[in-house]
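Chemist: Residue numbers (my numbering), protein chains in the order written: chain Y, 139 to 745; chain L, 202 to 541; chain V, 8 to 265.
Take these hints with a grain of salt, some might be off.
In silico DSBU-like pairs for lysine-lysine, Cα to Cα no more than 35 Å straight-line [said to hold, decoys possible]:
| # | chain 1 | residue 1 | chain 2 | residue 2 |
| --- | --- | --- | --- | --- |
| 1 | Y | Lys547 | L | Lys431 |
| 2 | L | Lys431 | V | Lys148 |
| 3 | Y | Lys547 | Y | Lys604 |
| 4 | Y | Lys341 | L | Lys431 |
| 5 | Y | Lys540 | L | Lys431 |
| 6 | V | Lys148 | Y | Lys341 |
Since the hints were made in silico from the structure, they are not lab data.
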Amino acid sequence: MATIIPRNPAAGSTGSASTRTRRRSRWLSAPGIAAMIGIAVLLVIAVIGPDAWMTAATERNIAERWSGASAQHPFGTDDIGRDIFARVMVAARLSLLLTLGATAMLIGGGLIIGLTAAILPKHARRALIWVMDMLLAFPWLLLVLFFTVIWDASATGAMLAIGLAGIPSITRLVYNMASSVADQDYVRAARVVGVGPVGILFKHVLPNIANPLLVQSAASASVTLLAFAGLSFLGLGVQAPEYDWGRLLNEGLGHLYTNPMAAIGPGIAIVFSGLVFTMVAEAIAEQPGGGLRAVAKASRVAAMARVASRSAAAVPGSPADEDAPLAEVKDLHVSYPDRDGRPVERVRGVDLSVRSGEVVGIVGESGSGKSLTAMALAGLLDAPAIVEAEVRRFDGVDLSAKLTAADRKRLGVELGVIFQDPLTSLNPALTIGRQLTEVPQQHLGMSRAQARARAVDGLEAVGIPKPSERLGDYPHQFSGGMRQRAMIGMALTGHPRLIIADEPTTALDVTVQRQVLSVLRRAQHATGAGIVFISHDIALVSGFCDRVVVMKDGEIVEELDAARIKEQATHPYTRGLIACLPDMNSDRTRPLPVIGDQSNEYAEVTA
Amino acid sequence: MTTTQPRQGAPATGRLLQLREMQQRRSPRADFAIRRIGRLIVSLLVVVLAAFFLIHFVPGDPVRAALGPTAPAGLVESTRAELGLDKPIPQQLMDYLAALLQGDLGTSIQSGLSVTGTIASRFPTTLSLAALGFIVAVIGALPIGMGAALLARTGRGRSLNSGVSGLLGILIAVPDFLLSVGLIALFSMWLGLFPPAGWGAAQNAVLPVLGLALGPMAYLARIVQVEMIKVLDSTYIATARAKRLPQRLILLRHALPNIITATLTVGGLLLSGLVAGTVIIETVFAIPGTGSTLVSAVGTKDYPMVQGMVLVYAAMVLAVNLVVDLILITIDPRTTIAEG
Amino acid sequence: MNALEIQDLQVRYGRREVVSGVSLEVPAGRTLGLVGESGSGKSTIANAAVGLAPIHSGDIRVHGVSSVGRRREARTARRRIQMVFQDPFSALDPRMPIGESIAEGLRATGRELSRPARRDRVAELLRQVDLDPDRAGELPKSFSGGQRQRITIARALAGDPEILIADEVTSALDVSVQSTVLNLLRDLQQRLGLTMLFISHNLAVVRYVSDEIAVMRDGRIVERGETESLLSAPSEAYTQELLTAVPILGQRMELEDV
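So here's chain Y without its partners, still in its complex pose (with noise of 0.2 Å):
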């Protein structure tokens, strides 16, 4: 019989209505909304602007030539005494249209190229791309010369000179986009079904590549536009008696002494519009990640958070004794501020202990906040985070004050931290022998040479060959295996109180996860130092600890030890995870049981 063990519901899935309600306010936002009156403000100036202005534009005034603004001339006069506002009214609808031809031309061109880069066999694609990243290396500016001169100075030969030299870039990211799409599993699953290259082009790269593609040519317009105002500054884009913007500021440079407007007003114009289509883009765009947008919202969140934090004060804590514990938090509360601002709690009033020569594990499955509980033990969580907490010391530092120059260094020798990612742990930037010599000299005040000879004895405690040639090795010359270890070297090259272990063998085999846990067990009882373990794993968690903290949605469910595991848990939530583990013991001939979530509509009890 399928046991079913209750629990909250899952807090992660978003309902659709969420997603609707977020879409519609993008356009809502500043960006959209400043988007949209300044397309409309173009658009009406385009479509009506010929007919409106055109006499005003024509009008001749020999005796008023060259006049400065006025109220009657917003902009002045040119050499025949036509109004200059009119003339950059009027040139919108040419300036506009001739970047539309080039935009499209640019981004339909590099969408076909790009995606047929992307379903050609091997050689032919890497010919492909690598005649498109040849072009990208010149400038737009050359190749649209270059086609300039082959087609004539012309407003039909600018744009056929822009929008062709605009082509390569735009292959390039839609060729980037489409590969990255294709590497994906749901691609992958296509293909095992029998759908063809073309087929999965249509149902999958491009719907995805959509959006991005669309903020792209918004931009592109952008670019285009001022590309095309370039080339007739110079006088090679649009000819007389036709005039865009480009060429009224051409003709408004040459009097930029009596009359600045002449030159400033249609300058305006192209500033304005650039910004339009940038807009645009932003408002578009549903990955704001690099965007002006996402680096705003970023800082808000972080504003918000100090000032929350600074509220939270530092309670003094009692004066410490023999018998006190070596690090220790009570009534800990971490919370992050959510998407609009507004503080969700993670870890909520959790108490956790660690003596010396203790090695405690947290185990919780992800959300359950073991990881910021060992974070904010170390003292190592900062904005945005929110920490509160009636006690946080290690080693008799208080945590929640600020830290003197000598506890820091305190902190740095006696505490390390291994993380779960050994890619991203080390500097890829940095040698080994750099990252490790740091602390010996940084805190423990050793010169170069005792703190490379500290070094390489971390590396030859925790096994790994030849240490002292491998201080000039990078991190990405290490397996994963052994960047762990030479993580846990790291930490034995200060004097290690406290070791923050978290998730370390999660990215690991399970023989080398073995081998790093000798290697950690070794270092522990070598130096006395204690160990919180964090895994979501209660098997490695019983068999490697000595004490085992069970958590879940930010909370302690239990506190067991690691021996009598099985015996002692009481609780629901552990009895749950250690039932529904499949071990080398596990009665192969029943279903499993299993922790009923919300989302089991359907969940058949079988016997």
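Since the structure of chain Y is provided, determine the placement of chains L and V on it from the hints.
Modeler: Just chains L and V now, kept in the frame of chain Y:
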């Protein structure tokens, strides 16, 4: 079934892997450098061919187009003979390459002067302008970008950060010719601090370099800022903070090298863009460099001049890219691995 | 009759030999567990079976028919094998309603179905994996990891496969959700009479699901046998090494001999 022993990637224990890695430690970099130089040579060849064929891509009669519809037929014919266009194409190509190897890029239709000579006399000006612009852009972008990232992360100085962000946004949106016009209007006409045109004295350089560099600097600063935030969120920075290293050390020794790669990559592209930017800046400020010559050559269809210019600019851009790549592999050990 | 037969399979990526002469048979209706560490080549075998990895030499046969190559019979045979992928987050197109993703799996049957027939089949498949059929129009992001894994199983089943390959299907899931998926797989196998190739690095999970186990290392099969006998008395040192490395709940890990 016997399995052949492949030279690399053979199934190996940890120690064998180490041994092979130690053997290969030197070669990936040399390998990469050789491949890049090879690519450079091929690219140069393609550029030379493209420059040569430029005149043949022009629809209609290029000589007629260059001299204008009213030029006498005799002049057209003699110019055609001068340019060697009456010979068969393979012959033209050989002549072209031969002349190229001797440093002769032809004669300008417009001025009748040697193209090589014109370029040689003007190129140093353009080069110094571009170099100054690059230095200003990079030196300005790094601290601004890093500072903005730090501010954003800690939430301090929000109004300052917004102001800087806004300013950067404007600088990116405004094209360099417009910016230059604005700079002239402000600093030259209104404040009378710097001359609006010319080249030679130190004051002549200020406005053109600013006009050239401010846009790219703002763009680069944004990139630096985004990269910096990514780096600061990485696990290895968390490791460095766990070691309680002083903030300055974390920024300079741990964060900066990881930003440099992204910055240099963009910076390399930027340099190519700067080369193009000089064309416009020289026109605005009437600076006697190759850029202004190129513009008038394009306008008057002075093909030999355009061909020569395209070659020189293209070669310069390719050389810059190569230098950037070589610098990258020296400072970032992973680049060789990433290269396909 | 063996549902799946792999004979002397060799797979190379460039010059590197990833699978070196592997031979396996899986009798119809049984589950073979393939266990090994990273680099052992187990996932590559799965990829080769469904046509995602190039086969250098050797053969793969479904009910005696070779599934290698471009010929029509080979392709038809290959479509009888379907795969469930590891990462539930990248295994579904984020912009496609899950009903459509599952319907895409119907292509493997080779039959053209009318739209209403497709809808019905998708609903039936959703019910088979214990999900509400009315949710077929929703996007993957409104489902949890475990639910998404069940959707990928439904998609694999849409192809009416004879052989189901499960490649590390629980590795990306939380422990509490893992058991649901494992139970489901066992249940489906029994009900539909599927032959299964279950690939994982987790020995305990493989033991739970499989009738027979094959241990792989560095592109070769090290040992193979009935689950219980293999695990209680392995004859190879590597198998023993793997067994010793698996932590047992409540038992202190012996690390001194490492």
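Chemist: Within 35 Å, alpha carbon to alpha carbon, are Y:Lys547 and L:Lys431?
Modeler: holds (27 Å)
Chemist: Is it true that the CA of L:Lys431 sits at most 35 Å from the CA of V:Lys148?
Modeler: Within the cut-off at roughly 25 Å; holds.
Chemist: Given the hint that V:Lys148 pairs with Y:Lys341, does the C-alpha gap stay at or below 35 Å?
Modeler: Given that 35 Å is the threshold and the Cα spacing comes to 18 Å, the pair holds.
Chemist: For the pair we were handed, Y:Lys547 and Y:Lys604, check the Cα-Cα distance against 35 Å.
Modeler: Holds, at about 30 Å.
Chemist: CA of Y:Lys540 to CA of L:Lys431, is that 35 Å or under?
Modeler: Roughly 27 Å separates the two Cα atoms, so the pair holds.
Chemist: Starting from Y:Lys341, check that the Cα of L:Lys431 is at most 35 Å away, please.
Modeler: holds (32 Å)
In this structure, none of the earlier numbered hints is contradicted; all agree with it.
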